[in-house]
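*Asks:* One-letter residues, chain by chain:
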Amino acid sequence: MNVIQFASVALLLVVGTAAQAAPAQKPRADQVEYDKLIADWQAANQVFVQQLNGKQNGVSVPDGKAFGARAIALADQFAGEAAMPFLCFAVANCVDEEATKAVVARVLQNHVKSPGLATILKNAKALLRFAGTEDVEKLVEAVIADSPHALPRAWAMHLKATRLLNDKEAAARLLADAQPLAAGTLLAETLDADKLLADRTAAPTFEKENLQLGMTAPDIVGEDVDGVAFKLSDYRGKVVVLDYWGFW
Amino acid sequence: MFPHERSLVERLKDKPFALLGVNSDKDKDVYFAGVRDNGITWRSFWNGPKGTTGPISTKWGVRGWPTIYVLDAKGVIRARNVRGEAMDKAVDELLAEMEKEPKKGG
Numbered sequence: 001m002n003v004i005q006f007a008s009v010a011l012l013l014v015v016g017t018a019a020q021a022a023p024a025q026k027p028r029a030d031q032v033e034y035d036k037l038i039a040d041w042q043a044a045n046q047v048f049v050q051q052l053n054g055k056q057n058g059v060s061v062p063d064g065k066a067f068g069a070r071a072i073a074l075a076d077q078f079a080g081e082a083a084m085p086f087l088c089f090a091v092a093n094c095v096d097e098e099a100t101k102a103v104v105a106r107v108l109q110n111h112v113k114s115p116g117l118a119t120i121l122k123n124a125k126a127l128l129r130f131a132g133t134e135d136v137e138k139l140v141e142a143v144i145a146d147s148p149h150a151l152p153r154a155w156a157m158h159l160k161a162t163r164l165l166n167d168k169e170a171a172a173r174l175l176a177d178a179q180p181l182a183a184g185t186l187l188a189e190t191l192d193a194d195k196l197l198a199d200r201t202a203a204p205t206f207e208k209e210n211l212q213l214g215m216t217a218p219d220i221v222g223e224d225v226d227g228v229a230f231k232l233s234d235y236r237g238k239v240v241v242l243d244y245w246g247f248w
Numbered sequence: 001m002f003p004h005e006r007s008l009v010e011r012l013k014d015k016p017f018a019l020l021g022v023n024s025d026k027d028k029d030v031y032f033a034g035v036r037d038n039g040i041t042w043r044s045f046w047n048g049p050k051g052t053t054g055p056i057s058t059k060w061g062v063r064g065w066p067t068i069y070v071l072d073a074k075g076v077i078r079a080r081n082v083r084g085e086a087m088d089k090a091v092d093e094l095l096a097e098m099e100k101e102p103k104k105g106g
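Chains W and H, in that order, are what the protein sequence lines are.
With the first letter of the first sequence counted as 1, position 138 gets the number 138 in the numbering used here; the numbers rise by one all the way through.
With the first letter of the second sequence counted as 1, position 12 gets the number 12 in the numbering used here; the numbers rise by one all the way through.
Fair warning: there could be bad hints in the mix.
Said to hold, decoys possible - Here are some, though not all, of the chain H residues that point toward chain W, as calculated from beta-carbon distances under 8 Å:
(1) F17
(2) G34
(3) G39
(4) T41
(5) F45
(6) W65
(7) A73
(8) N81
(9) E85
(10) M87
(11) L94
(12) A96
These are computed hints drawn from the structure, not numbers from a lab.
Every residue, glycine too, gets a C-beta built ideally from N, C-alpha and C.
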């Protein structure tokens, strides 16, 4: 019972957020429809909560599927930004696969640059659960690349980052892709910092195991100051003085 | 120190000897100006734009500058941090050792 009560409170809270997110200045028709949708949703939740409080058997959970379908139909009825509150409502409240998929499809088609997208992208869990990782990734990339608005882009990056944190291999691949792009820049140094730290930590052991008298010197593979590649081992057959130096 | 190393390179120019540097100037312009003003004739690896904390010196754990290793013809480390006359002596001994050894292929 406690779990269901908690869930009902959560549902009501999302309604509150979605209602607030509705733009204040709207053409009359979509505003009226939106208000009706929210009123019906709240009424449905009211019944649900009353039933819970009355400890009635067989409580009727608000029908997410029906509300989702209604929201999508309304979104299709109103073009441009006016469709956004309905799409937001569907993702945030309906917990329905069909509705969530429909939202992602419509956003990809018409609303990638919408300033109201942040409210949709906040719902990472619902998006990934119902709309599939592939389409959500497509949406996230499109928003990061094309949205002129900071907040939706930030949420898209947040979603992407969350996914990367859970996918170390993908993160490593991305880092490997980034390195050549950043060559010679400050970013490259940052990316390189992990390796540098590892080398620094390993240096005392390296010195003990490779750089003592009588040991064959480890090869150095590098470039000279003119950018020509060469190796320390190119000089086998000669006595070599290796001098770590600089003018500074 | 440069005059000494310059004279070593000059004296041994016909011997199987090479002075190689790991140059740790962050700024290549500083390097090129220094090379011009000091008559540097030997080749150096560049330690990269991080200078003394570049990858080569970091891996080798270099903390003092200059740090010197003397390697024989097989690449074996035979002396460390010899300067001035001690450096000359180490190099001359290794060259003498080479001349005593029978020639091998490669």
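*Asks:* Look at each hint and say if it fits the structure.
*Replies:* Structure-based check of each hint:
Satisfaction of the interface hint for H:F17 is found here, the shortest Cβ-Cβ separation to chain W being roughly 5 Å, below the 8 Å cut-off. Interface hint at H:G34: satisfied, since its Cβ lies 4 Å from the closest Cβ of chain W, which is below the 8 Å cut-off. With 8 Å as the threshold, the beta carbon of H:G39 stays out of range of chain W, its nearest partner Cβ sitting at about 13 Å, so the hint is violated. The interface hint given for H:T41 is violated, since its Cβ lies 13 Å from the closest Cβ of chain W, which is over the 8 Å cut-off.
Here the hint on H:F45 is kept, as its CB sits about 4 Å from the closest CB of chain W, short of 8 Å. Interface restraint check: H:W65 against chain W, minimum CB-CB distance 6 Å, threshold 8 Å, status holds. For H:A73, the suggested interface contact is upheld, since its CB lies about 5 Å from the closest CB of chain W, less than 8 Å. The restraint placing H:N81 at the interface with chain W is violated, with a minimum CB-CB distance near 10 Å, outside the 8 Å limit.
The beta carbon of H:E85 is not positioned within 8 Å of any beta carbon in chain W (closest approach about 14 Å), and the interface hint is therefore violated. Evaluation of the H:M87 hint against chain W yields a held restraint, the C-beta minimum of about 7 Å falling below 8 Å. The criterion of a C-beta within 8 Å of any C-beta in chain W is met by H:L94, whose closest approach is roughly 4 Å, and the hint holds. A cut of 8 Å between beta carbons decides the hint on H:A96: the least distance to chain W is about 10 Å, and the hint is violated.
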